[in-house]
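Colleague: Please build the complete structure, drawing on both the sequences and the hints.
If you're matching them up, the sequences are chains V and H in order.
The C-terminal position of the first sequence is numbered 216 in my numbering, with every residue numbered one higher than the one before it.
The C-terminal position of the second sequence is numbered 255 in my numbering, with every residue numbered one higher than the one before it.
There could be a bad hint or two in this list.
[Stated by the list, open to error] With a straight-line Cα cutoff of 27 Å, these simulated DSS-like cross-link-like pairs (lysine-lysine) come out:
1. H:K77 / H:K15
2. V:K55 / V:K9
3. V:K114 / H:K15
4. V:K9 / V:K69
5. V:K118 / H:K77
6. H:K77 / V:K114
7. V:K55 / H:K77
8. V:K58 / V:K20
9. H:K185 / H:K197
10. H:K197 / H:K226
11. V:K99 / H:K15
12. V:K69 / H:K197
13. H:K15 / V:K118
14. V:K9 / V:K20
15. V:K20 / V:K55
16. H:K226 / V:K58
17. V:K58 / V:K69
18. V:K118 / V:K69
19. V:K20 / H:K77
20. V:K55 / V:K69
Don't read these hints as lab results, they were simulated from the structure.
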Amino acid sequence: MKLQTPELKLQAGLTIGYGKPIASTAEDIVLGGGTHFLIARNGRGKTTLLRTLSKTLKQVGGTFEARGKTQYLPEDLRFDPEITVAGIFRALLPAARVKDSIDLAARLELDVRKPYGKLSTGNRRKTHLIVAEHSVDPESGNILLLDEPFSGLDAYAREIFEDIWRSSSDRVLRLVSCHPDYDSMGMPSAIVIQGSGIRHTTGSEQTWSELKQQLN
Amino acid sequence: MRLFRLTAATLFRRKTWVVCAFVVGVLPFIFTQISSGTENAALWKPALAQATWAMALLCSIFWGFFTAAKQGESNAKSGLGEYFLTTGVSAGRQLFEMWAAIFSFLVPLPLISAAICVLAASPSQAAERTMWLATNFQYAVLFLVVMAPLVALACAVASRLGSITGFLTSSGLAIYGLYGVGYLKLLGKTGDSALAKWLWTSSPHYHFADPTERLRYKLGAIAWDKFPLLLAYFGGILLVYAALSRLLFRARATA
Numbered sequence: 001m002k003l004q005t006p007e008l009k010l011q012a013g014l015t016i017g018y019g020k021p022i023a024s025t026a027e028d029i030v031l032g033g034g035t036h037f038l039i040a041r042n043g044r045g046k047t048t049l050l051r052t053l054s055k056t057l058k059q060v061g062g063t064f065e066a067r068g069k070t071q072y073l074p075e076d077l078r079f080d081p082e083i084t085v086a087g088i089f090r091a092l093l094p095a096a097r098v099k100d101s102i103d104l105a106a107r108l109e110l111d112v113r114k115p116y117g118k119l120s121t122g123n124r125r126k127t128h129l130i131v132a133e134h135s136v137d138p139e140s141g142n143i144l145l146l147d148e149p150f151s152g153l154d155a156y157a158r159e160i161f162e163d164i165w166r167s168s169s170d171r172v173l174r175l176v177s178c179h180p181d182y183d184s185m186g187m188p189s190a191i192v193i194q195g196s197g198i199r200h201t202t203g204s205e206q207t208w209s210e211l212k213q214q215l216n
Numbered sequence: 001m002r003l004f005r006l007t008a009a010t011l012f013r014r015k016t017w018v019v020c021a022f023v024v025g026v027l028p029f030i031f032t033q034i035s036s037g038t039e040n041a042a043l044w045k046p047a048l049a050q051a052t053w054a055m056a057l058l059c060s061i062f063w064g065f066f067t068a069a070k071q072g073e074s075n076a077k078s079g080l081g082e083y084f085l086t087t088g089v090s091a092g093r094q095l096f097e098m099w100a101a102i103f104s105f106l107v108p109l110p111l112i113s114a115a116i117c118v119l120a121a122s123p124s125q126a127a128e129r130t131m132w133l134a135t136n137f138q139y140a141v142l143f144l145v146v147m148a149p150l151v152a153l154a155c156a157v158a159s160r161l162g163s164i165t166g167f168l169t170s171s172g173l174a175i176y177g178l179y180g181v182g183y184l185k186l187l188g189k190t191g192d193s194a195l196a197k198w199l200w201t202s203s204p205h206y207h208f209a210d211p212t213e214r215l216r217y218k219l220g221a222i223a224w225d226k227f228p229l230l231l232a233y234f235g236g237i238l239l240v241y242a243a244l245s246r247l248l249f250r251a252r253a254t255a
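Modeller: Here is the structure:
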């Protein structure tokens, strides 16, 4: 079966919100495989946009198209405190990928024998991200909508995940909402929610430092 | 069946099912030591039978419905339900998978009770043993048909209104259907109230699924020509509650 390239197409006029509009796109936005960052100040609609694109929240107006198998990882996702990380992997991941997930957990210094409730915030995030990354269908295009995945994650773990993202950019489209914590962080593709507008900005040398000025 | 596996693994890990297995499988033997069976040996077996089935009922209500309610609420509030929705697992499918996982832990309870009755409390006469086997088989089947939709209902109500409401809804219906409906019948007869009569007619008559008296007094199994009617009656309730559960179930708590 031919691998389908993932794509997200937000038509001009797509309006997000909970009944009342929060923000909308003025132009068409087309995102292909690779990592795209979603940035905005607090309460401006990042989670709302992710929920809309994952189809768990109906848009106020307009349309969008999503091509690829979608996963939305909410920021406040929680598993039962009693179940171990290994138990989560065995339950949610295909049998063939459980070993890889446990190996990645070892690289990330995540103890898979520990109950989820005893993990730190950062280790819980690692668990969620490992589940999401190993649930990706290798035979198809995939769309991962990640809400604040870096929150609580240390730099070492972040680098490992960013490496994984780079290596799978042909078949996985990732839209990652975040509040970057260093100015030189490269953001070659970013969806910016500023005021009531949603726009797409690109640039191979684009960094958080420039985008931050625009948000302010 | 990812949510089924996750729910089953979570329940297994929690280990409270061990308490239920002990309560249904071991406690009845202890209870008979403090019953009138110690004074009259002829009462020991009926006491054991009654105790084990009563424990199965209590565990199903207190552990089964509470667990279902807790899972329903947690799935909606923890973001898991939303995650599964985005991966293509519909709300109905999520309810089914959680229900299947919880019910798979409940199914052994009436089977343990039936096994105890057959192996440790069977009458000594051969003709009575056949009747005993049939009664326990019928009890186990009816038990499961009654409990199945109530587990789904607890899960569904809890996903929308919280675990306490979910638990109280199903346990309230179970207790009402077993014991409360009889009082309604009295009210209808004594007060000549049309409302009471209507309520009585439309109530779930779970007492028909409770052959405890048949076991205690060895009255024999439900007539086999009437058993399919009973199954159809409770099957109808199952369908109604299943539909209601599906309508009520919410995979994501709204903001």
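Colleague: Confirm or reject each hint.
Modeller: Each hint, compared with the structure:
{"no.": "1", "hint": "H:K77 / H:K15", "verdict": "holds, 23 Å"}
{"no.": "2", "hint": "V:K55 / V:K9", "verdict": "holds, 14 Å"}
{"no.": "3", "hint": "V:K114 / H:K15", "verdict": "holds, 16 Å"}
{"no.": "4", "hint": "V:K9 / V:K69", "verdict": "holds, 14 Å"}
{"no.": "5", "hint": "V:K118 / H:K77", "verdict": "holds, 19 Å"}
{"no.": "6", "hint": "H:K77 / V:K114", "verdict": "holds, 23 Å"}
{"no.": "7", "hint": "V:K55 / H:K77", "verdict": "holds, 18 Å"}
{"no.": "8", "hint": "V:K58 / V:K20", "verdict": "holds, 12 Å"}
{"no.": "9", "hint": "H:K185 / H:K197", "verdict": "holds, 7 Å"}
{"no.": "10", "hint": "H:K197 / H:K226", "verdict": "holds, 24 Å"}
{"no.": "11", "hint": "V:K99 / H:K15", "verdict": "holds, 26 Å"}
{"no.": "12", "hint": "V:K69 / H:K197", "verdict": "violated, 54 Å"}
{"no.": "13", "hint": "H:K15 / V:K118", "verdict": "holds, 18 Å"}
{"no.": "14", "hint": "V:K9 / V:K20", "verdict": "holds, 23 Å"}
{"no.": "15", "hint": "V:K20 / V:K55", "verdict": "holds, 17 Å"}
{"no.": "16", "hint": "H:K226 / V:K58", "verdict": "violated, 51 Å"}
{"no.": "17", "hint": "V:K58 / V:K69", "verdict": "holds, 18 Å"}
{"no.": "18", "hint": "V:K118 / V:K69", "verdict": "violated, 32 Å"}
{"no.": "19", "hint": "V:K20 / H:K77", "verdict": "holds, 23 Å"}
{"no.": "20", "hint": "V:K55 / V:K69", "verdict": "holds, 12 Å"}
The structure does not agree with the numbered hints 12, 16 and 18 stated previously, though it agrees with the rest.
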